[in-house]
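If you're matching them up, the sequences are chains H and L in order.
Reading the first sequence from the start, the letters are residues 2 to 557 in this note's numbering.
Reading the second sequence from the start, the letters are residues 16 to 177 in this note's numbering.
Since the hints were made in silico from the structure, they are not lab data.
It is possible that some hints are incorrect.
Under 7 Å between C-beta atoms, here's a sample of chain H residues computed to sit facing chain L [stated by the list, open to error]: (1) D34; (2) Q36; (3) W162.
No residue lacks a Cβ here, since even glycine has one placed at the ideal position from N, Cα and C.
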Amino acid sequence: MYQYNAFDQRFVEERVEQYRDQTRRFLAGELTDDQFQQLRLRNGLYIQRLAPMLRIAVPYGLLTATQLRKLAAITRDYDKGYGHLSTRQNVQINWPELEAVPDILAELATVQMHCIQTSGSCIRNITTDQFAGVAADETVDPRPYCEIMRQWSTYHPEFDWLPRKFKIAVNAAEADRAATQVHDIGIRIRPGEDGAPVFDFLVGGGLGRTPVIGSVIREGLPEQHLLTYLEAILRVYNRYGRRDNKYKARIKILVRAMTPAKFRVKVDDEWALLKDGPSTLPAHEIERIKGCFAPPPYAALKDATAALAKDRLADPAFNTWMRNNVAPHKRPGYAIVTLSTKATGVPPGDVTDEQMEAVADWSERFGFGDVRISHEQNFVLPDVPQLRLRQLFRLACQQGLGQANAGLLTDMICCPGGDFCALANAKSIPVAEAIQRRFDDYDYQHDLGPIDLNISGCMNACGHHHVGNIGVLGVDKRGAEFYQISIGGNQADEASIGRILGPSFQRADVPDVIEKILGVYVDRRFEGEPFVQTVRRIGVDPFKERVYAKEAAVAG
Amino acid sequence: MLVRDGRIAEDDWRLALDGDAAPGLIASLEAWRRAPDGAGVWVDGDAEADEIGEEIAAAPVVAVRFPAFADGRGLSFGSLLRTRYGFTGELRAFGEIIPDLAEYMHRCGFNAFELPDRRQAEITIACIARMSDHYQASVREPAPPFQDPVRRRDAQQDGAPH
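Chain L extracted, bound-state conformation:
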């Protein structure tokens, strides 16, 4: 089940872990290099953004595989691909994903998530939206609160418990 841009969505792409690239397929880097037209590319979370970032930034979809749900390498990869290599296409997470990690992935620039079923997909949507703001700059919030006059002003009030 695919969550894209905060909604459950039809998946118009097909993941091809092996085999050749073709339009509508998300292929391995090697396959994509041979036939990039209309194809997406998937990479592992430990891929070197500095080596391939510029090259794959042209793809319509980059899917990042998380080998274990607690493996945060894909977060750095996503962040770098967006901020340093200017990737503007769909950044998708697949592999071992639990909804609670999607919050972090989302902040690192991922906008699509492959979940095992509808229930997990619904929880993912809720998890992404749960915390209303964060302390740091991220792909989603390019300025931390202390650089943002509006959020700074709102935060000025005392923190009386609600």
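Here chain H stands alone, though its shape is the one from the complex:
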């Protein structure tokens, strides 16, 4: 974990006072609603349907046990005793008082946390692989670079008032667990020819109204140039991105209008003038940050395959959980555990204060006090000794965090939707729940294999529906809530945007539609072929035919 030094600590403390002053001026009538909106959004505060919503930054999804306990206390003291894990690896609370937000910030600052730039037209929380630093398939640890970029993007003098929000994702493993192809900037880090890390840049990916897969504009950039190259991209975007229409203001629209080739030339021209300038990273700075992410004091363990096999045989539920929720670690004898929040009847990503405290405790008992939040809205414990997995599983089950569905159908991504969000066209949480109830048999889900089902309550696509293998989008039809279904999206390697099946459905029909889609897959798949591959091979027509066959309730 990155540890704040005196500079970082003073920064967040001054930020608390700055925001306290902004809130005071707003309440005193010295800032208009529109003016304060821009300021509060840059502090993650939305005014929602029922109450304000505060988004707390969890940089690249990393938390300490101490920080998680503080979040639990904040949800208890200032909210209703629960929080929400977001798809940007942040934590949201849904019921804070606007007047109390400065005090919440002050509490956060005591544990090296803040809400800076968690919303607004600025560089948002940088996301990465939730297994960063421990994944068996990792080639470079991306976390130090995420921290370097976090610092660089915090109150950047020139790039905090962009045409639109700006999202950066970083991946450095063989599997892309950070969805780098659908971000404003996707960065892939890999070892270069001499072994030193180099950076590949994709730009102009994104979801929202116009889903686009990003284009590669630079490969093999050496690490010292990371910030100057980012500045070149951001400067081109800040100057030329559209500001006349918020739906055309993301960088993807600019890249497409210019063409990726011309955008690249523009960036290269700008970079030629910035390269080797003051933002060039000195080796001592990279080393300083890397030092914060040195491996914890791992014990010299051996893989416990035989003992685990015995436990798995004795306990089928544990076996299912092991298969779905436990990932290989780069150290022998350790494992990475995903604690799924996707229990039937609980909104995806919602966790209580008690659950947060339990996870904090487990992170210390079964690890080194580190916790991750995944963009799939789950907790991850990164350093669990294999021999203690069964004990952790039992405890997790008691806390409602033992669902064995990581990566499966009911491990859905879901935005807060119309129950909370002022932007939503339709509710999303009840749809998630209806699907969970229909398909809560883990054996059936396991037979289906990995399926990402993503639900968004509106075109803003916070639930990433475009890149769900199955995507559900809430739409408004003459004041009524309907749901459009797409299939074939994919967020990881070979990212793709899903194709819409056809006319939208009423909420009550969505589980039936999903069941029919899965029926076509089960009938047509080759052995071992994942859902998304079958869709790619046979196309959407067979699915359309089954879904819209005579009795389907079509909304028109």
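Fit chain L to the known structure of chain H by using the hints.
Same frame as chain H, now just chain L:
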């Protein structure tokens, strides 16, 4: 009300959005080109620094109009004018400005701000001074902390909350 170099100041310039340039006036680019002697020039925040930067760097005052308070194009323009075209005169922000944005403008090289009234001007002065340091290089701080031995040393201590 004008804030200049961190203080409320008498405005010895007059903004002329239209009309001819003359000494003491801040005129449009076209007007200024016809009669640059003793005149300042105003431009919109989306002006192309690469096209006009060299030319207007000779003016005593460049005023940049911010069409909306959340429009950051003028920040890039100011930064480029100072760092790439060596402008050393007064760089002034006018238009839709709220005090909180002056912090960013100041770091991008603006040293003068037109605010609607004295109260806003006073808040602006406080806003500019509120954060004692930042992470990046800027026009004000040409080196980021990691390039500056003194700030690096000061930052070495642990970040215990105060």
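So, going through the hints one by one against the coordinates:
1. The interface hint given for D34 of chain H is violated, since its Cβ lies 13 Å from the closest Cβ of chain L, which is over the 7 Å cut-off.
2. The restraint placing Q36 of chain H at the interface with chain L holds, with a minimum CB-CB distance near 5 Å, inside the 7 Å limit.
3. Checking W162 of chain H against chain L by beta carbon gives a least distance of about 3 Å; that is within 7 Å, so the hint holds.
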